[in-house]
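Colleague: Here are the chains, one letter per residue:
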Amino acid sequence: MGKAKLEKALHEKIKSNQNIFAPYIMAGDGGLDILEERINFIQDCGASAIELGIPFSDPVADGPTIQEAGIRALDNGTTLTNVLETLQSTKENRSIPIVIMTYLNPILVYGIEKFAKDAANAGVDGIIIPDLPMEEEHIISPSLSDHDIAFVRLAAMTSPKERLVELAKRSEGFLYAVAVNGTTGARTKHDTNVTSYLDDLKKYSDVPVLAGFGVSNSEQAHALSKHCDGVIVGSKIVQLLHEKQFKEVNRLIQESILAEVKS
Amino acid sequence: MTAYTMPDKTGKYGDFGGRFVPELLMPAVLELEEEYETAMKDPDFTSKLNYYLKQYIGRETPLYFAEQLTKNLGGAKVYLKREDLNHTGAHKINNTIGQALLTARMGKKKVVAETGAGQHGVATATVCALLDLECIVFMGEEDIRRQKLNVFRMELLGAEVRSVSQGSGTLKDAVNEALRYWVNHVEDTHYIIGSVVGPHPFPKIVRDLQSVIGSETKKQIMEQNGKLPEAVVACVGGGSNAMGMFYPFIEDKDVALFGVEAGGAGIETNKHAATLSGGDIGVLHGTMTYLLQDEHGQIEEASSISAGLDYPGVGPEHSHLHETNRVTYTSITDEEALDAFQYLSKTEGIIPALESSHAVAYAMKLAPEMSPDETIVICLSGRGDKDVEQVKDRIGGEL
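The listed protein sequences derive, respectively, from chains A and B. Under this note's numbering, think of the first position of the first sequence as 16, with each following residue one higher. Under this note's numbering, think of the first position of the second sequence as 109, with each following residue one higher.
I should point out that these hints are in silico values taken from the structure, not numbers from a laboratory. The beta carbon of each residue, even a glycine, is placed where N, CA and C say it ideally should be. You may find that some hints are simply not true.
What the hints assert, rightly or not - No more than 27 Å apart at the CA atoms, straight line, and that leaves these computed lysine-lysine pairs for DSS-like:
| id | chain 1 | residue 1 | chain 2 | residue 2 |
| --- | --- | --- | --- | --- |
| 1 | A | Lys204 | B | Lys216 |
| 2 | A | Lys204 | B | Lys217 |
| 3 | A | Lys184 | B | Lys120 |
| 4 | B | Lys156 | B | Lys218 |
| 5 | A | Lys176 | B | Lys117 |
| 6 | B | Lys335 | B | Lys179 |
| 7 | B | Lys327 | B | Lys162 |
| 8 | B | Lys454 | B | Lys179 |
| 9 | A | Lys18 | A | Lys217 |
| 10 | B | Lys120 | A | Lys129 |
| 11 | A | Lys176 | B | Lys216 |
| 12 | B | Lys117 | A | Lys184 |
As the list claims (entries may be wrong) - Which bits of chain A does chain B cover? Going by a derived footprint, with three or more residues having C-beta under 8 Å, they are:
| id | region |
| --- | --- |
| 13 | 92-105 |
| 14 | 120-131 |
| 15 | 135-148 |
| 16 | 164-174 |
| 17 | 194-206 |
Using the sequences provided together with the hints, build the complete structure.
Modeller: Below is the structure:
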């Protein structure tokens with residue numbers, strides 16, 4: 016369970032020469048009662064891990080698609096507490112690693128130590144906190160470490176080399192390479208310097224490097240995966256699930272993980 | 109009292125403050141801190157700042173002995189620090205001129221800002237016109253409705269005002285959008301935040317730039333009255349006028365400091381913006397501080413008649429001064445603020461901003477309990493012209 020499970024799952028994909036694909040879904044979008052079904056569906060599509068978003072009232076790193084999904088989830092009464100309860104009661108029914116993505120405040124109010132303990136019990140394998148830079152992470156890192164939850168760090172293209180090296184060194188499970196200078200959401204193309212940024216991160220990092228933000232189709236997934244270990248797709252998946260276009264989700268995941276052209 | 113040295117090197121005020129921002133913004137936040145520290149040690153920069161404060165903004169502002177108000181209240185002598193007489197009509201420009209000069213110094217050409225009542229937006233648009241910077245101001249749609257004239261003023265000054273419809277369409281939502289804009293344009297844009305909130309070094313920069321209020325007050329009260337005041341009162345939304353007024357007095361332990369939050373319809377109704385009186389600790393907009401939030405850590409909407417106080421957070425330094433009891437935080441309801449708005453207009457011929465009316469209302473309670481040889485200074489943070497229409501609607505145009 017936990018960190019080891021996440022690392023093992025990702026390394027197996029890499030060993031079998033697949034691109035890693037980790038979809039982001041918003042917990043409670045469509046109701047918490049369908050969360051288990053959604054997780055199983057994503058698992059069956061062949062995803063490597065699930066990034067599970069916790070809705071927050073003020074998501075400043077997110078673009079419109081995820082903001083709206085968060086509002087729908089909050090309107091459905093979704094809370095960190097009932098998401099963890101749902102994960103706990105359904106944990107025997109899934110094998111795919113779960114990485115929670117949440118802003119800091121819901122965890123703070125829940126209680127940091129209690130959160131780490133309950134998340135571990137609920138079968139959460141990793142955590143991503145977009146508003147917690149290295150300078151402040153000491154408030155939570157010991158608790159996550161005690162409960163064997165992988166603490167995934169985010170790197171940005173604005174970070175100077177020293178910070179990228181340090182983030183890569185600290186990151187657990189995988190390193191989240193933010194691939195745009197902006198908020199989440201689909202982009203038609205990425206900056207040309209994204210490839211050298213990913214190449215650099217691959218050099219610095221012992222854990223897999225996944226590119227996220229702005230990735231919305233398999234062409235982008237393939238292009239980016241040539242320079243790292245795979246991608247995270249958020250807004251596009253959230254939108255497709257909201258529109259119940261399950262075949263499209265399946266196709267996007269299947270096409271993206273295909274081993275082709277990986278030189 | 110030991111020397112007050114907040115914040116520490118990491119931007120903490122005791123347990124509060126810090127830099128809770130995405131990694132993408134960290135380099136900008138670190139660069140800003142360095143640029144700011146260097147600039148404040150550079151005599152060219154500080155003399156330019158002082159030049160604009162004097163010749164453009166019109167400082168120093170008067171410390172006015174409100175004789176009529178004093179007589180009517182029958183207690184302490186009441187002085188008004190006239191920040192309403194600054195260019196653009198409020199204290200906000202003390203901060204924006206400094207940050208706009210910093211923007212130019214950093215070689216950035218674009219500025220983004222948020223605004224509630226529109227005062228910070230106008231103050232930002234004004235200095236951007238002066239220094240030839242491109243300016244985008246995010247404003248909640250509810251606030252746009254409440255403050256139509258300020259929107260037009262900003263446009264007249266060459267700024268682009270973008271309406272924010274998310275959430276309750278007030279200040280918090282405008283800050284979210286301004287932060288998102290900054291995340292998307294950090295390389296060529298500076299975020300001129302309007303209060304002592306946000307990630308370090310913003311609370312420190314804004315406090316330092318606003319502390320001209322308290323420094324002048326201290327000198328002026330000594331000249332006029334020969335001793336420091338017994339009490340200083342200021343309104344607190346994010347808390348920039350209060351922090352600027354209080355900061356130079358923090359080590360003067362005989363000066364009681366009172367921060368007045370917006371009590372809205374009353375703290376017990378849950379429709380208020382009194383973060384320190386009715387909130388608890390959390391992280392919002394890059395800083396750890398007191399917030400209005402539910403038991404799951406979701407931020408709640410604030411509510412106040414005054415758009416400028418309508419914010420569910422408060423500057424982290426205020427949270428610290430609250431915890432250490434150096435400042436007494438209290439609240440005033442919409443009704444009390446409206447009464448004070450009319451009372452000061454009639455007794456002194458000064459129409460205060462609805463924000464500042466909260467401070468006036470509290471001083472009106474405090475003064476009668478004090479003796480005539482004691483003094484109170486009220487920070488009159490802004491003028492009330494912008495609020496006249498709203499007040500007329502509220503009181504039915506009948507006086």
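Colleague: Report the numbers of all earlier hints that the structure fails to satisfy, in ascending order.
Modeller: none
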